[in-house]
Amino acid sequence: MNRAARYLCGLWLGVIVTLLYLPILSVGLASLANTRYMRFPHRDWSLGAYADALNQHETLVLHLTSLKVALVVSVLSVALATLGAMAFARYDWTGRSLFQKMVVLPIFFPQPVLGLALLLFFTAIGITPSWKTAVFAHMVWVLPIVTLVISIRLFGYDPAQEDAARDLGASRWQVLREVTLPHLSPGLVSGGLFAFLLSWSNLPLSVFTTGADTTLPEWLFSRVATNYAPVVSAIAVIATLASVAAGLVVIAGLRLRRSRRGAGSPV
Amino acid sequence: MTDTAGQAPKPVALSLQGLSRQFGTFKALDSVSLDIEEGEFFTIVGPSGSGKTTLLRILAGLDQPTAGRLLLRGADITKMPPNKRPTAMVFQSLALFDHRSVGENVEFALKMRGRPKAERHARALELLDLVQLGHDYHARPVTQCSGGERQRVALARALASDPEILFFDEPLSALDYRLRKTLEVELRELQRRTGRTFVYITHSLEEAMVMSDRIGIMRDGGLVQIGTPAEIYGRPGDRFVARFMGEVNIFELNKGHLTAFDQNLPAGNRFMTAVINGHMVVRPEMLHPVQPEDGGVQFDVTVTEVFHLGSRVQLHLDSVAGQLVAELPASSPLRAGQTVRFGFDPALAHCVPE
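Chains as they are written, first to last, in the numbering used here: chain G, 526 to 792; chain E, -14 to 339.
Certain hints may be false.
Stated by the list, open to error - Listed next, the stretches of chain G that the computed footprint assigns to chain E, with coverage defined by at least 3 CB atoms under 8 Å from CB atoms of chain E: (1) 684 to 693; (2) 699 to 712.
Claimed, not checked - Simulated restraints, written as ranges between beta carbons of each label pair: (3) E:Q129 - G:G539: 29 to 39 Å; (4) G:D617 - E:D205: 17 to 27 Å; (5) E:T167 - G:L533: 48 to 58 Å; (6) G:L630 - E:T10: 28 to 38 Å; (7) E:T287 - G:L623: 54 to 64 Å; (8) G:L641 - E:Q129: 50 to 60 Å; (9) E:T179 - G:L630: 52 to 62 Å; (10) G:G539 - E:S33: 53 to 63 Å; (11) E:T10 - G:I650: 40 to 50 Å; (12) G:G539 - E:T167: 55 to 65 Å.
Just so you know, the hints here were simulated from the structure itself, not pulled from any lab data. Cβ atoms here follow ideal geometry from the backbone N, Cα and C, with glycine treated the same way.
Construct all of the structure, not just a fragment, from the sequences and the given hints.
Written out as structure tokens, the structure is:
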């Protein structure tokens, strides 16, 4: 590639990144205002909205509710998706291909309709909606995606490795620990992250199924729609920074683990 | 050891007694019985789908027979799980643990047995020597090894726990010809050196011939013939075995009458009495140009193709009996399109029953 082409590529990349991040940046700018109405540039720059956000007990409650839902959803989805992926990636049984299609079907269902359907269902069987029903609702939608992510990992390796491990003296438990899990772990981590992020940012399902509890996206949506104040933007920025921080912690943890594992053998 | 093979019966390492395996209505293995002797290199040869992999998996304990018993030195191990058996297998795909280093692969069996790290390491280096890999391979990821190197890693890994019997599931089939030939010889030498019992399966009779003490030919889930390489080559039990051994010409024999040529076998031929109805197996090297006074079975052929095989040429011939294959020294002047008189000596041919 010559110099001009490389320059153009760099420019193109810059444009794309700017287009992606400009809207997010504007939320950050909006949070620095002290008026209810958006006007730019601000007459007064202020961190008052952040002070308000941090002083509100509600900020913590919203984050905790969303975090609780997202964590439970990711743990349960990874566990169930692993079993589901095993069922269709590993074993041949009648109805396997039907199962494979049925598993992915909920992704294609419009989420608001799915949310309403679930609410009607919960009411019909006498369950009061709360964050727990939201967990169930999120999983209906998230589980197919996590199952697909994990099954890619399962399809990508030779199950004879497990036979080989058995043959070389490993018990079933040792096979799982020494061969299957190490191989699946990248899939489990990315599946878990997917589940967490999809649940953390989900609005259409939460709106119908959280009952008296409120998740962060629900609160943000309602406040943006009806009663906007810079504190809404401030909380959005806090939530974004919190998820970026969580992501960095996960990545750093994986790095650390890998470097410790690889100590004996150069990668 | 003096060579008394064939006279004094050797102790039996593995005894297969009526092993069957049914998948639904499909009989993958149909009552296979066989005694594999101590320290023997036994090869099971069969086309794909003949049940040889199923059989090997049952021997290794990775699958259970639906009927029959498996005895290891007289002890019933039919129900013993694979991790408890003193056997090890080299898989067709090799099944190396690709997230581990060469050393970790080789040491796996010892790790599962809870051996201390220093002992494992020493044993791994010893095994790398045995399979002719340098000690620097110990730390290398298996994903960075070539086909031949991976082969050696798989072998070292299987040998680590000092198994009494080694099973091989066509491990060489993915390699190129020269490497395969080298490894065949090395495998045979390794077997001699370690004195272990090797059970090998392959679809290549050629491979089996080079390495084996005895060969079992498998078809449709059953063993159709067991013998030394010389016995199998010289006296195939039926048309299937004969065909399996490469290019052969097979002629129908009906009460001493070769139907295809409308010729009777010469009087006094041993097949006149041995087999009444059957097939005559004529190897390509037995067919050659003849003069009328040479006798034997003679017929006119047209040469359709000439293939050079190095020191020999292979000819495809058109005859009243259909397409035939002959092999002649490379000095043969015959060219495609020529019509000549060919023949063979029926006394040298082999007959199989119908």
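Taking the earlier hints as the rules, which of them does this structure contradict?
none
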